[in-house]
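Residue strings, one per chain:
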Amino acid sequence: MSLRILSAALLCLGITVALGWAVLDRPAPEENLPERVTSAMPESGVEHPITAVLLNFRSYDTLLEIAVLLLAVVVALALREAQPDRPEQMGLENPLLRAVMAWLLPLILIVAGFLLWAGSYQPGGAFQAGSVLAAAGVLLRLAGVTTAWLDNAALMRAGLALGLLTFLGIGLLVMIPGVPFLTYPLAHAGTLILVIELTLTLSIGLTLISLFRLTPPYADDPDEAREQDAEAP
Amino acid sequence: MPWLDLLLGLTLVVTAALALAARDMFRAVIMFIVFGLLMALAWVRLQAPDIALAEAAIGAGLTGVLLLDTLGYLRRPFGSRVDKPGDRP
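Note that the protein sequences, when read in sequence, are chains R and D.
Start counting the first sequence at 63; every next residue gets the next number (my numbering).
Start counting the second sequence at 4; every next residue gets the next number (my numbering).
Simulated from the structure, these hints should not be mistaken for lab results.
Since we're looking at a predicted model, the values are computed, not measured.
Positions of the beta carbon are idealized from the N, C-alpha and C atoms, including for glycine.
Mixed in with the good hints there might be a few duds.
Just the calculated beta-carbon pair ranges, DEER-fashion [stated by the list, open to error]:
{"no.": "1", "chain 1": "D", "residue 1": "R26", "chain 2": "R", "residue 2": "L234", "range": "50 to 56 Å"}
{"no.": "2", "chain 1": "R", "residue 1": "L169", "chain 2": "D", "residue 2": "L13", "range": "17 to 23 Å"}
{"no.": "3", "chain 1": "D", "residue 1": "A20", "chain 2": "R", "residue 2": "G82", "range": "15 to 21 Å"}
{"no.": "4", "chain 1": "R", "residue 1": "G82", "chain 2": "D", "residue 2": "L9", "range": "15 to 21 Å"}
{"no.": "5", "chain 1": "D", "residue 1": "A51", "chain 2": "R", "residue 2": "A138", "range": "26 to 32 Å"}
Whole structure, please, built from the sequences with the hints as guidance.
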């Protein structure tokens, strides 16, 4: 037993030393990427370098990221059916939570909108705004507020795919004048990026909410669950 | 500020170790959420506010909620785990 522990410790030590050596011995970067980004900023259509990289200079990466997110939620949807939002299944019948929600919800929506809008000139953007939107959805579900429109499968799927489809569509449309895929024309770059980010925010928010909605209904007490089953047709 | 950064780094390692070593799953999940929030602070200190925002919202917030939800599901008695209403024999 002690021999196994000793060999594991030695292995860990060896990997740590190798990693440290790799970090210390890495080759110097051959080109100054921050400088290249800064010099190309006027062509990006936005003022924040990170948004410029994510949605203009390396928008292909972001496109694939969104595709992976969509794939993940499609697999999750295939494995489980979304649970309908029923207040009696939330287990949090708390009037205080609902009262707080009434105050918080507008604030959360404003923050999501601000993060999306702020993305063009300061930290923020579609991913952050989308996750704040999803937080609002999670709170709504915990408070037992029924959101019937989320149960509309066709609408939900359209919302999930909206971001990727808009991104792809704009990427393909800009090819008409004869430029490569996802090369936005300078005059409209800012608008196009904002449109893409808006749809991405909606899709990312819906993706995260639908992942949360795939969790099973809440019934702590087995007898209660049986009663619920008996009531269900 | 270097002392604060050192403290932050050490706390990160300690919370990560606590999350991994915790016997009680609930404690592990809470430690994971604490780790995520501290990680967001570390990203701010590394001058990466974009990643800090994403880490706080997705890493600590939504993942924490999903983990807690899963934990609540696992703690239920086996017979009451229902996939779909009316699905159980």
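| Broken hints, by number | Violated hint: only 2; rest satisfied.
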